[in-house]
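Participant: Okay, here's what each chain looks like letter by letter:
2 protein chains.
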Amino acid sequence: MADPVIAIDAMGGDRAPGEIVAGARQAAEAGYEVVLVGDPAAVGDTGGVPVIPASETVGMAEDPARAVRTKKDSSLVRAAEAVRDGKADAMVSAGNTGAAMAAALFRMGRVKGVARPAIATVIPVPGASPTVLLDSGANVECSPAWLLQFAQMGAVFSRVRCGVALPRVGLLSIGEEPEKGSPLVKEAHRLISGARGFEFVGNVEGRDLMSDAADVVVTDGFTGNVALKALEGAMKFAFGAVVGALRSPGVGSSALDALMPLAAEMDPDSHGGAVLLGVDGVCVISHGSSSSRAIVSAVGVADRAVREGLVSLLADAVAA
Amino acid sequence: MADPVIAIDAMGGDRAPGEIVAGARQAAEAGYEVVLVGDPAAVGDTGGVPVIPASETVGMAEDPARAVRTKKDSSLVRAAEAVRDGKADAMVSAGNTGAAMAAALFRMGRVKGVARPAIATVIPVPGASPTVLLDSGANVECSPAWLLQFAQMGAVFSRVRCGVALPRVGLLSIGEEPEKGSPLVKEAHRLISGARGFEFVGNVEGRDLMSDAADVVVTDGFTGNVALKALEGAMKFAFGAVVGALRSPGVGSSALDALMPLAAEMDPDSHGGAVLLGVDGVCVISHGSSSSRAIVSAVGVADRAVREGLVSLLADAVAA
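The listed protein sequences correspond, in order, to chains A and B.
For the first sequence, numbering that gives the first Met the number 0 assigns the number 0 to the initial residue and increments by one for each residue that follows.
For the second sequence, numbering that gives the first Met the number 0 assigns the number 0 to the initial residue and increments by one for each residue that follows.
Treat the hints with caution; some may be incorrect.
[What the hints assert, rightly or not] Far from chain B, by Cβ distances over 10 angstroms, these chain A residues were calculated:
hint : residue
1    : 160
2    : 232
3    : 235
[Stated by the list, open to error] Covered stretches of chain B (in silico footprint by chain A; criterion: 3 or more residues with CB under 8 angstroms from a CB of chain A, positions within the stretch not fixed):
hint : stretch
4    : 117-126
5    : 195-208
6    : 213-222
7    : 236-244
8    : 288-297
[Claimed, not checked] The calculated lysine-lysine pairs, modelled on DSSO-like cross-linking and capped at a C-alpha distance of 27 angstroms, are:
hint : chain 1 : residue 1 : chain 2 : residue 2
9    : A       : 179       : B       : 86
10   : A       : 235       : B       : 179
11   : B       : 86        : A       : 185
12   : A       : 111       : A       : 71
13   : B       : 179       : A       : 71
To be clear, the hints were calculated from the coordinates, so they are not data collected in a lab.
For every residue, glycine included, the Cβ atom is placed at its ideal position computed from N, Cα and C.
Produce the entire structure from the sequences given, and follow the hints as far as they go.
Facilitator: Written out as structure tokens, the structure reads:
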């Protein structure tokens, strides 16, 4: 196959366009086929990376649906259209998450059979396989049938992205017994128990997001978002506190050096961002403070998803 | 006032009765008035701590409501009855959390005006004031009006337990803007905005549980339980990974020594357990793996709650 072309939203993110353009250049140097989408005057020297022009920018705090509806010439909307029109095979944005979702959904449409797209986030767990958490924020309220589809899509994603042959899928709840949890969780438990294509390990708890209990954890977008941010907050706090303690007099610098590999493994910039599963195209959403390195990681994730045929695998999974 | 008498469930917890009885003895030696509740033959030498006899034990995995209904002579039920009957001023249990809640609710009843009791957990945040999270698991589904009461009760608890004069209360959601979140959160935001007795800081996110953004974080029991366990899992993972890295050759033991104060501050055994707010009596629920030290901490929390008049302060707050 021809190399996948990855459209990068040049204007999205706290450090756009500078870090985004730098990331695009680095990705091109690393051999990826990339194209930037944004205001040609603002992107500056792209080092030969082509630019799809877009005159508008969606702000990080704008209302997503309205922004996508009114800013038809925004970099986000044009990036999604590039995928829809075949000018690119995938899009990457570090911009407004809700707007990126809305742009992808409205322009690319849904995969046939998918009720609702979900955001899948990869949580690194050094020493064990990473945990794919979905939905981590796309759908505030969910039905049991959607959670079943999240399980099916999450299992495909765990295979494609993390190389897990038969993913173990857990349902996020407040106790391991099937009768524990909300009405949503109890009904979803029943539905997912009858599904195929993965190993259902039943209910898991918040602590299992960073354990080896499951490769995929399924939940609604409200709970998933809260849990993910609780994790991020705790890890940030813990490493900050540890580094602070180790800077005390009498502790050698070898201690901080010894933590570097762990810090690198946990660094979100090396993980490539979340993926919106269920839209008819590959859409990678990198975090708002993405550096150029985060963009390169996200491009790598997008490239691999296209090469592995993620979208058609998702369609097969929800049709099964 | 006379010293508060704290009834300790001798049979509840993974390490009962040994560690529980040891904790009761240590608490008595430290000057607290304690009484054990359990099977006199099983508790062994109590070092003079009196025992209220109870022939049955509620298992950690038993169905809470059924256990409390059928095991009328269980240590949990008898402990709650001791508070109801004035033989004790507070109860402490490291046993089945749901059953402890049910026993307290059915035997002590609710504080007048409280719709639903909630579990308040104190999350230590070294370098900032601790965060009180409620509900951390009592009510899987909640109404907006209950969340308002959780805010009122949580503010009182933050004052009594953590010494915060005017607590900042946040509502757990997936974005800071008032329009972000589930229908429950949006309506609760409106209700809490009009309340008094604390400073409402609006929506907070999962990451704020371990930041200085709020002194009290209010949510439903499903989300609260998932978030709390996500935090616990992340902290356990982080410290495990850090200690592992610091044990590598070439790192001196001074590094691990430097982390001891932090580890001690984060140690759940030093924090005394969660408190069930809204029942007509003081009920402290210590974690299942409680050591004798955790029991002493829990007794200290219970003693202080009685001395400060927590229950009548809660009644005043919800009546305001």
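Participant: Please go over all the hints and tell whether each is borne out by the structure.
Facilitator: Consistency of the hints with the structure:
1. Residue 160(A), annotated as away from the interface, keeps every beta carbon of chain B farther than 10 angstroms; the closest lies near 21 angstroms.
2. Not every beta carbon of chain B lies more than 10 angstroms from that of residue 232(A), the smallest distance being close to 3 angstroms; the non-interface claim is violated.
3. Once the 10 angstroms rule is applied to beta carbons, residue 235(A) is inconsistent with being away from chain B; the minimum gap is 7 angstroms.
4. Counting residues of the stretch 117-126 of chain B whose beta carbon lies closer than 8 angstroms to any beta carbon of chain A gives 3, which meets the minimum of three for the stated coverage.
5. Here the stretch 195-208 of chain B counts 5 residues with a CB under 8 angstroms from a CB of chain A, which clears the bar of 3, and the coverage holds.
6. Given as covered by chain A, the stretch 213-222 of chain B passes the check, having 4 residues with a CB less than 8 angstroms from a CB of that chain where 3 are the minimum.
7. Only when three residues or more bring their CB closer than 8 angstroms to a CB of chain A does the claim for the stretch 236-244 of chain B stand; here the count is 6, and the claim holds.
8. Closer than 8 angstroms: that is the beta-carbon criterion, and the stretch 288-297 of chain B has 0 residues meeting it against chain A, so the requirement of 3 is violated.
9. A hinted pair counts as satisfied when its Cα atoms are at most 27 angstroms apart, and residue 179(A) with residue 86(B) does not qualify at roughly 34 angstroms.
10. Of the supplied pair hints, the one linking residue 235(A) and residue 179(B) holds, its CA atoms being roughly 24 angstroms apart against a limit of 27 angstroms.
11. At roughly 41 angstroms between alpha-carbon atoms, residue 86(B) and residue 185(A) are farther apart than 27 angstroms, so this suggested pair is violated.
12. Between residue 111(A) and residue 71(A) the CA atoms are separated by roughly 25 angstroms; this keeps the pair inside 27 angstroms, and the hint holds.
13. A C-alpha spacing of about 24 angstroms is found between residue 179(B) and residue 71(A), which places the hinted pair at or below 27 angstroms, so the restraint holds.
Violated hints, in rising order: 2, 3, 8, 9, 11; the structure is consistent with all others.
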